[in-house]
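The opening position of the sequence shown corresponds to residue 1487 in my numbering, with each subsequent residue numbered one higher.
A portion of the hints provided could be inaccurate.
Listed next, the in silico PhoX-like pairs over lysine-lysine satisfying Cα-Cα at most 25 Å (straight line) [what the hints assert, rightly or not]:
1. Lys1712 - Lys1665
2. Lys1677 - Lys1664
3. Lys1677 - Lys1630
Label-pair distances were calculated between CB atoms; the ranges are [what the hints assert, rightly or not]:
4. Tyr1716 - Leu1652: 18 to 24 Å
5. Asp1548 - Ser1707: 37 to 43 Å
6. Glu1634 - Ile1546: 38 to 44 Å
None of these hints come from the bench; they were simulated from the model.
Think of the CB as a built atom: it goes at the ideal place given N, C-alpha and C, for glycine as much as any other residue.
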Amino acid sequence: MQDMDGRLYDAYVACLQPCAIGFSEEVETFTLQTLPRVLEKACGYKLFIAGRDCVPGEAIVDSVGENIQASRRLLLLYTASTFSSKKHTSSTSSLSSNNNNLSKNNNSEDNGESKMGEGGSGERSEEVFPDTRQNLEVLLAMHKTLLERSLKVVLVELEEINSAQLALFPESVQHLRKKQGAVCWWKEQRKRQRRRTCMTRREDEEKAEGDAQLSPSLSPSSRFWKEIRYYMPVRGKRAVYLERTALLNL
């Protein structure tokens, strides 16, 4: 059911697919369990998660385009190897070339002349990214956020990224990361690991496992989730604004 602004989802979650390099059990757990547990169940957001909510048999291009268009935000989940594996080397080079104009023309996109055919059309995206859903998601998301300014993209870093790996990222992603930063899940996990290593008694470890639901990493008030929520749309604000506008027009 659409909200009053015509959007179906608060966020589209672009994540690694099971066949992708960098996909792991930890990635799957975060994407399909942790993320919806906090954002959907605890915070009340409505998410579209690629791989969970896709209609069987639906064309990837149609699914990605329509559902991104129906979302207020896009959460781009990535690991250290998402853009830096051999599988993506040639396509990353092409994407960097295609998206070079996205970062360079970021201050001049209001002329209305930039089109996906120039920065990467639907046909070009299939040529650059033959198999991977996430690559199409990245291309569309970067176009919409840097050229159209019609979508807010939130970068969610699942693993620590070093300078060599970052250098292989598409220029558009590097530009966005430098401009607004990334929300780092790995920092949350590192803090959690430190707490675990500080536990010296067996009973404390068992108690920590038994209190999994109280883990700070699952608390909406933890630093990581506060950062995510900062970028998410304000719930209820759209409906209140539209209602007030309608009353003023009476």
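Results for each hint:
1. Lys1712 - Lys1665: Between Lys1712 and Lys1665 the Cα gap is close to 19 Å, so the pair holds against 25 Å.
2. Lys1677 - Lys1664: holds, 24 Å
3. Lys1677 - Lys1630: violated, 34 Å
4. Tyr1716 - Leu1652: 18 to 24 Å: holds, 23 Å
5. Asp1548 - Ser1707: 37 to 43 Å: holds, 38 Å
6. Glu1634 - Ile1546: 38 to 44 Å: For Glu1634 and Ile1546 the Cβ distance comes to about 21 Å; the hint is violated.
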